[in-house]
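Enquirer: When you get a sec, could you build the whole thing from the sequences and use the hints?
Here's the letter readout for the chains.
Number of protein chains: 8
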Amino acid sequence: MIILPHSKFVLAGDSVTDMGRTQPIGQGLFNPHGTGYPNVIQGLLTSVYPDFFINVVNMGYSGNTSRDLLNRLERDILSLKPDYLSVMIGANDVWRQFDTPQIPENSVLPEEYRENLIKIVRLSKTVTSNIILMTPVYWESSLTDAMSARMREYGQIVREVSAQEKVLFCDVQSRVDRVLKHCNANYITWDRVHPNIPGANVIAHALLDTLEFDWKREC
Amino acid sequence: MIILPHSKFVLAGDSVTDMGRTQPIGQGLFNPHGTGYPNVIQGLLTSVYPDFFINVVNMGYSGNTSRDLLNRLERDILSLKPDYLSVMIGANDVWRQFDTPQIPENSVLPEEYRENLIKIVRLSKTVTSNIILMTPVYWESSLTDAMSARMREYGQIVREVSAQEKVLFCDVQSRVDRVLKHCNANYITWDRVHPNIPGANVIAHALLDTLEFDWKREC
Amino acid sequence: MIILPHSKFVLAGDSVTDMGRTQPIGQGLFNPHGTGYPNVIQGLLTSVYPDFFINVVNMGYSGNTSRDLLNRLERDILSLKPDYLSVMIGANDVWRQFDTPQIPENSVLPEEYRENLIKIVRLSKTVTSNIILMTPVYWESSLTDAMSARMREYGQIVREVSAQEKVLFCDVQSRVDRVLKHCNANYITWDRVHPNIPGANVIAHALLDTLEFDWKREC
Amino acid sequence: MIILPHSKFVLAGDSVTDMGRTQPIGQGLFNPHGTGYPNVIQGLLTSVYPDFFINVVNMGYSGNTSRDLLNRLERDILSLKPDYLSVMIGANDVWRQFDTPQIPENSVLPEEYRENLIKIVRLSKTVTSNIILMTPVYWESSLTDAMSARMREYGQIVREVSAQEKVLFCDVQSRVDRVLKHCNANYITWDRVHPNIPGANVIAHALLDTLEFDWKREC
Amino acid sequence: MIILPHSKFVLAGDSVTDMGRTQPIGQGLFNPHGTGYPNVIQGLLTSVYPDFFINVVNMGYSGNTSRDLLNRLERDILSLKPDYLSVMIGANDVWRQFDTPQIPENSVLPEEYRENLIKIVRLSKTVTSNIILMTPVYWESSLTDAMSARMREYGQIVREVSAQEKVLFCDVQSRVDRVLKHCNANYITWDRVHPNIPGANVIAHALLDTLEFDWKREC
Amino acid sequence: MIILPHSKFVLAGDSVTDMGRTQPIGQGLFNPHGTGYPNVIQGLLTSVYPDFFINVVNMGYSGNTSRDLLNRLERDILSLKPDYLSVMIGANDVWRQFDTPQIPENSVLPEEYRENLIKIVRLSKTVTSNIILMTPVYWESSLTDAMSARMREYGQIVREVSAQEKVLFCDVQSRVDRVLKHCNANYITWDRVHPNIPGANVIAHALLDTLEFDWKREC
Amino acid sequence: MIILPHSKFVLAGDSVTDMGRTQPIGQGLFNPHGTGYPNVIQGLLTSVYPDFFINVVNMGYSGNTSRDLLNRLERDILSLKPDYLSVMIGANDVWRQFDTPQIPENSVLPEEYRENLIKIVRLSKTVTSNIILMTPVYWESSLTDAMSARMREYGQIVREVSAQEKVLFCDVQSRVDRVLKHCNANYITWDRVHPNIPGANVIAHALLDTLEFDWKREC
Amino acid sequence: MIILPHSKFVLAGDSVTDMGRTQPIGQGLFNPHGTGYPNVIQGLLTSVYPDFFINVVNMGYSGNTSRDLLNRLERDILSLKPDYLSVMIGANDVWRQFDTPQIPENSVLPEEYRENLIKIVRLSKTVTSNIILMTPVYWESSLTDAMSARMREYGQIVREVSAQEKVLFCDVQSRVDRVLKHCNANYITWDRVHPNIPGANVIAHALLDTLEFDWKREC
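Protein chains in written order, with the numbering used here: chain A, 1 to 219; chain B, 1 to 219; chain C, 1 to 219; chain D, 1 to 219; chain E, 1 to 219; chain F, 1 to 219; chain G, 1 to 219; chain H, 1 to 219.
Derived from the structure by calculation, the hints contain no laboratory data. It cannot be assumed that every hint is accurate.
Stated by the list, open to error - Simulated DEER-style distance windows between Cβ atoms:
(1) A/72 x C/141: 52 to 62 angstroms
(2) D/141 x B/71: 50 to 60 angstroms
(3) A/4 x H/7: 35 to 45 angstroms
(4) H/119 x E/125: 46 to 56 angstroms
(5) A/181 x B/141: 51 to 61 angstroms
To be verified - Dumping the calculated DSBU-like pairs for lysine-lysine here, alpha-carbon to alpha-carbon at most 35 angstroms:
(6) G/8 x B/119
(7) B/81 x B/8
(8) E/119 x H/216
(9) F/166 x H/8
(10) C/125 x B/125
(11) D/125 x E/119
(12) G/216 x A/216
(13) G/81 x B/119
(14) G/181 x A/216
(15) F/166 x H/216
(16) E/119 x D/81
(17) G/125 x A/216
(18) F/81 x F/181
(19) C/125 x B/216
(20) H/81 x E/119
(21) H/216 x F/81
(22) G/119 x F/81
All residues carry an ideal CB built from backbone N, CA and C; glycine is no exception.
Expert: Structure, rendered in structure tokens:
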């Protein structure tokens with residue numbers, strides 16, 4: 001696995017990351033990681049690598065767009081001095097274009113999204129070089145769905161920024177699409193954005209594979 | 001308008017009808033009609049026909065399938081002796097096939113749905129001949145979406161039963177589709193089943209048109 | 001209709017407007033418009049004009065007099081940069097003269113009311129020329145009732161200021177009186193100030209008529 | 001004063017009597033009499049007659065009509081074996097005719113009201129001969145107001161039944177009208193039915209005068 | 001009665017005055033006067049003098065000693081510009097000497113109490129000359145009880161300061177003692193400090209007599 | 001100490017015993033003994049005799065008189081098969097005579113109290129011979145106080161019944177009086193019935209002395 | 001994997017299984033599986049086998065001993081007609097011997113535990129032959145700890161009953177011990193019985209290995 | 001006893017001291033000392049020495065390490081001007097090394113612990129010379145348990161600092177070990193840190209013995 005023992009792994013994002021995590025910092029005792037993919041990450045990292053003592057810190061914040069995340073990056077994320085940093089952002093940048101089109105200032109268009117992402121990566125590099133960019137996800141495989149198509153456009157931007165900035169890329173959307181071949185989206189999520197526990201596992205497994213997690217490790 | 005002064009109009013259904021109505025009977029003081037289409041119906045009937053004193057009674061019950069509604073029809077609906085009765089049921093019959101396919105006993109398949117509808121109509125006729133069957137609705141216009149296609153299949157059964165049993169038919173789905181030509185489904189509903197206030201208006205207007213409501217009435 | 005697509009329509013007022021709207025701004029997701037006439041406005045504007053994407057913003061504030069509204073106008077209302085602005089204020093200016101006469105500083109007398117209204121209009125004109133002044137309403141048609149007579153006196157001031165300042169005038173009181181010819185005030189409101197849902201429709205329809213809303217629009 | 005030491009005085013009625021009294025019996029420790037006129041009665045009887053130890057029992061029940069009171073008379077009121085019994089009922093018999101005319105079974109018309117009152121008195125006489133009938137009250141002095149006129153019609157029935165059945169009569173409405181000559185109804189009550197503390201005093205003073213309470217008693 | 005129409009009457013004190021009054025100012029709508037003697041005062045002043053429109057303001061504050069009241073006098077009491085001001089303070093000055101003798105800084109000894117009272121009166125005179133000093137009360141008539149004897153010592157100081165400063169004096173304790181000749185203290189209060197509703201009437205009547213209230217006034 | 005290892009010790013009584021114990025049985029995990037003297041008993045028995053594993057069971061019930069305790073004795077107390085049983089009852093038998101004299105059926109007079117106690121003892125003897133009767137307590141040493149004198153009259157009955165029925169007698173009142181020589185009653189209790197923690201220790205120590213508890217035991 | 005598509009898998013147990021699952025049946029929508037190992041099982045089964053639609057049902061019940069489970073087996077577990085049934089019981093049978101030794105009827109001794117297990121297995125076989133017995137677990141590896149030694153004694157009984165009754169055996173304790181070689185018990189659990197999320201993963205992985213779950217399955 | 005009449009005794013510590021005490025200062029009325037050993041101390045000091053009027057002040061703060069206590073010493077503890085000061089700190093310094101080893105900044109290592117203790121003592125000496133240092137406690141007697149061994153290492157530091165700084169030393173751990181010879185740790189505490197009421201007595205008795213408390217004092 002890429003992550004070294006006794007390191008700090010911070011997961012930044014929106015409500016898909018947050019999912020009820022402890023405020024102000026999603027670490028510590030009393031199940032602080034919420035009920036989303038960070039909880040699965042923490043559960044697996046600690047149970048399979050009990051000798052690694054990795055500090056998984058959930059810093060998702062419900063409702064965040066890339067613009068919001070950029071604004072709080074210094075204060076909320078980088079001040080924690082992560083050794084590893086994952087970023088899964090963009091769902092709200094897209095969603096607001098569809099659920100509240102009458103309030104255009106609430107959403108973030110592709111050009112700004114790309115700029116925000118680049119700024120997030122470059123600022124983060126001052127603290128760590130271990131950065132993973134994850135695609136935002138829409139639990140809908142049809143490309144004729146307007147919001148589905150739009151989310152993939154943003155996922156493509158994540159891919160391009162990852163390559164350009166030379167950071168790890170995690171294609172969560174394609175993992176999700178693989179699952180949706182077998183079951184209906186309603187089996188995982190009612191709003192196609194916030195998944196249930198199995199859906200959180202799907203996202204977590206995508207991230208763990210990027211981290212070269214060893215599922216069958218003996219310890 | 002079809003509805004006569006001083007009559008009782010009962011609206012039966014599932015959570016799309018219920019929407020937080022007063023228990024056990026959705027009538028009376030203190031805004032008892034919840035926040036869905038019955039609330040719009042009541043608001044418009046009373047404000048435009050203030051001399052009619054129509055008793056609008058919301059008897060939606062969250063989670064109901066056609067099987068559940070049939071089971072409680074005598075006790076909950078017919079015992080109220082409605083002069084007019086609308087029935088909008090079937091969303092959960094379909095939804096459970098997609099969100100909890102691992103629990104097949106929770107959903108209702110087309111054949112049983114048709115039978116349940118027919119029984120509902122025939123039992124209701126012992127109390128009133130003024131019956132309106134409304135299609136269940138999925139706020140998704142793509143026919144390639146499996147659940148969307150399935151919901152229309154159930155809507156078609158409503159149409160056929162209405163014709164066969166000679167009761168009024170209200171095609172809510174086609175009204176919804178007309179709206180979705182202009183805006184994204186997320187603008188109205190996040191889960192494509194429970195609409196917001198504008199969506200409740202869309203359903204209500206469909207029903208009011210069936211009732212030959214006079215929008216420009218002078219009084 | 002007067003209102004153009006993609007515009008912002010702010011509704012200022014007191015508790016008759018507020019009715020439990022979302023704080024600090026009555027816009028966005030999750031039914032933010034409370035249960036009064038703004039909710040009806042939003043429901044009808046969006047369901048009948050789904051292609052217009054009008055941002056209806058409820059900025060009513062419970063307990064406000066015209067003095068309070070003037071004090072928060074800049075900060076709460078004009079800072080939102082409305083394209084259209086409706087103002088329905090004055091009920092508390094009058095009511096406090098009758099329910100707490102022992103605290104005279106809580107009410108606003110006619111002369112000050114007129115001045116407040118004029119200031120509100122003139123300040124608002126720096127942001128938009130699309131202003132609608134609505135009469136405050138008392139759900140009592142008897143002119144021998146002291147508070148009813150007083151409220152009409154304030155309604156007359158609204159009419160005069162509208163004419164003088166050349167802004168749209170919405171005579172809600174006369175619409176209300178038309179309804180009260182057919183039903184008792186207790187059918188709509190217990191305190192003759194806060195109406196139930198049908199009463200909210202009456203106010204909303206008065207405002208929509210002023211806006212030349214097309215009830216039978218095909219889209 | 002009419003009431004003898006160490007006796008039990010039960011006050012029956014609707015929400016105007018109830019006003020948050022302790023359930024199931026409005027007697028005992030911890031201020032059990034609610035915030036209406038029974039609380040004033042209890043406060044004055046005990047402070048001015050501290051040597052009388054009168055057990056004041058509030059048995060008002062919110063929402064009751066004369067029909068409801070008759071139904072629970074045996075179980076709730078007479079089973080307590082009152083030495084004195086006051087009855088103030090009828091406001092809801094009237095109110096429901098005006099606030100929910102669409103549900104006629106919720107109100108009580110004059111003929112039934114008279115019969116209910118007579119039955120209440122005759123049943124009560126099997127337990128005590130000390131019965132006081134109080135008029136229901138509407139805090140509106142205009143006789144051109146339909147509900148005001150209707151309430152006085154019911155008050156007249158109370159007067160007639162009292163005379164016919166030879167029990168004490170307490171004309172609360174005329175006491176209220178005397179106060180309304182000096183101040184607006186909104187100073188006492190927003191809905192013209194439920195008074196504030198001063199209004200509770202007005203009702204209590206009317207009842208105490210009927211009981212020949214000695215305000216200036218030395219003890 | 002001493003109090004003139006349209007005047008403001010502020011009642012300062014501790015928890016015996018406060019009794020759950022509205023914060024920050026005990027005036028206005030929605031029964032703001034708590035459940036102690038100010039509520040009785042307000043009820044009687046308004047019901048018997050409905051044409052006087054006296055603004056009764058409860059400014060009691062639970063736990064206050066004379067030291068605390070002096071500290072907040074300017075900010076909380078005098079800033080309200082009372083036309084009439086009653087002060088009932090001292091119960092906590094005494095009580096803390098008996099219930100928490102291990103924390104001597106929480107109580108106020110006689111000499112400081114006298115000084116505090118004098119300062120309160122003199123400061124208040126800059127705003128109004130209509131001041132009533134009321135004795136603090138202990139619902140225990142035995143003089144062999146140490147706290148009872150101590151409270152009377154403080155009551156004597158109130159009497160002396162009233163005479164010296166030429167303000168009205170209200171001897172609540174002697175009124176209380178008159179009642180305790182007829183009934184046990186537990187009938188009125190469990191802790192001998194906070195009375196129930198009848199006890200609140202006893203205090204209120206003492207104050208109303210000082211104000212030359214006319215119980216039998218015709219209006 | 002009298003109590004043997006591995007035995008069950010049930011404490012019956014009223015609110016002085018109850019003090020918020022776990023329902024329906026005051027034993028087990030999670031500090032089930034409330035905040036009164038049973039909690040002190042349990043704390044000391046287990047900390048000083050950690051090898052005895054005595055099951056202390058608090059079966060006090062707030063508001064109980066001896067009549068109430070007798071009524072629930074079989075069902076609540078004896079069904080637990082206590083090895084040791086203490087009974088501290090009577091405070092409410094007396095108190096109700098003073099705080100609600102207007103409801104005489106709520107209190108228990110001396111003759112009935114004696115009979116209730118005898119019945120309680122004799123019924124209990126069918127289950128255990130280890131019975132301790134404790135005096136009810138009033139935290140007031142003056143015998144000129146009517147309720148204080150009355151409570152001692154009941155304490156004397158406890159003493160007589162204990163002697164007559166040959167069960168252990170615990171004179172809590174004299175222990176309390178010894179403390180009140182040194183400090184004011186308000187230091188321990190505001191209502192002279194429910195003591196604070198130190199007062200709970202005073203009662204507990206009286207009971208432990210009766211049980212020949214060894215404070216300085218070495219283990 | 002042993003489990004077939006479209007089957008029902010019921011997990012019976014105590015609070016380690018329950019962990020806040022939905023009542024009365026831990027299945028369905030809205031994350032019904034609590035926060036313990038059933039949640040991990042459900043997350044992994046559905047995310048890795050999305051085409052299997054296995055109905056995972058959490059029927060743990062906090063506080064249960066083997067005696068309690070046996071008592072409710074028919075009604076709560078077998079009535080659900082499981083295709084697969086896992087049983088993890090015994091922690092409370094042991095714990096009560098150590099935390100409440102003064103209440104011996106609350107715990108279950110080894111001989112009864114064995115009998116209860118055998119009865120549970122044999123009754124279950126009438127419904128399914130796919131039964132997995134899991135050892136109860138104490139998160140303490142020292143055998144000199146009395147409760148740790150006792151829990152292993154019960155684990156050995158589970159092993160023996162599994163062999164004798166020819167059902168699957170899952171040795172959770174040895175999996176736990178493997179983890180405790182690497183980290184302190186406090187890292188996983190404060191009371192050594194209820195693990196946090198990583199500890200829930202450890203239990204789940206033990207069970208999944210028994211079920212021959214394929215971690216690297218491609219779908 | 002060492003403590004003199006009318007003095008103030010402040011108990012500083014972590015959650016073992018805090019146990020729900022009143023904020024911001026654990027003194028005064030309404031049982032302010034929480035449910036831990038300070039409550040026992042207060043109960044015994046006041047019941048056995050009712051003439052001493054000692055002000056017991058609980059200033060424990062949940063979660064505190066010695067580092068946290070040092071940081072708030074001036075503001076929270078010394079500002080109260082204690083006559084006697086006990087300090088029981090260190091449990092969290094140790095615990096965090098075992099329950100959240102992945103967050104090393106949350107724990108305090110032995111060298112810093114010693115320095116913190118010395119600073120706490122020396123700063124406190126500027127206010128009082130009556131200082132008692134108490135060992136932190138782990139309710140586990142096995143020395144092979146890593147956290148148990150570590151806690152004793154910290155206890156040894158307390159002993160050394162006490163001797164070096166010439167303040168009173170209270171060896172709570174050895175008192176605890178004496179109890180654990182007779183009963184299992186689960187009988188007193190589930191997490192081996194927070195004891196139940198009997199465990200609170202064990203700690204309190206250790207402290208009272210250090211203070212030369214006279215259990216059999218006559219007063």
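Enquirer: Take a quick look at whether residue 119 of chain E and residue 216 of chain H sit within 35 angstroms of each other, Cα to Cα.
Expert: Since the Cα atoms of residue 119 of chain E and residue 216 of chain H sit roughly 50 angstroms apart, the hinted pair is violated (cutoff 35 angstroms).
Enquirer: Do the alpha carbons of residue 216 of chain H and residue 81 of chain F lie within 35 angstroms of each other, as the hint requires?
Expert: holds (33 angstroms)
Enquirer: Mind checking the alpha carbons of residue 125 of chain G and residue 216 of chain A for me, to see if they're no more than 35 angstroms apart?
Expert: OK: residue 125 of chain G and residue 216 of chain A at ~33 angstroms, within 35 angstroms.
Enquirer: Check whether the Cα positions of residue 81 of chain B and residue 8 of chain B lie no farther apart than 35 angstroms.
Expert: Holds, because 8 angstroms separates the two Cα atoms, which is no more than 35 angstroms.
Enquirer: Going straight from one Cα to the other, do residue 81 of chain G and residue 119 of chain B come out at no more than 35 angstroms?
Expert: Distance ~31 angstroms between residue 81 of chain G and residue 119 of chain B Cα, so the pair holds.
Enquirer: Holds or violated: residue 181 of chain G with residue 216 of chain A, Cα cutoff 35 angstroms?
Expert: holds (18 angstroms)
Enquirer: Is it true that the CA of residue 119 of chain E sits at most 35 angstroms from the CA of residue 81 of chain D?
Expert: Not OK: residue 119 of chain E and residue 81 of chain D at ~56 angstroms, beyond 35 angstroms, violated.
Enquirer: Is it true that the C-beta distance of residue 119 of chain H to residue 125 of chain E lies inside 46 to 56 angstroms, as the hint says?
Expert: holds (54 angstroms)
Enquirer: Are residue 4 of chain A and residue 7 of chain H spaced within 35 to 45 angstroms by their CB atoms?
Expert: violated (56 angstroms)
Enquirer: Given the hint that residue 81 of chain F pairs with residue 181 of chain F, does the C-alpha gap stay at or below 35 angstroms?
Expert: violated (39 angstroms)
Enquirer: Would you mind confirming whether the straight-line C-alpha gap from residue 166 of chain F to residue 8 of chain H stays at or under 35 angstroms?
Expert: violated (46 angstroms)
Enquirer: What's the verdict on residue 125 of chain C and residue 216 of chain B, does the C-alpha distance respect the 35 angstroms limit or exceed it?
Expert: Answer holds: residue 125 of chain C to residue 216 of chain B is near 33 angstroms, not above 35 angstroms.
Of the numbered hints stated above, those contradicted by the structure are hints 3, 5, 8, 9, 10, 11, 16 and 18, listed in ascending order.
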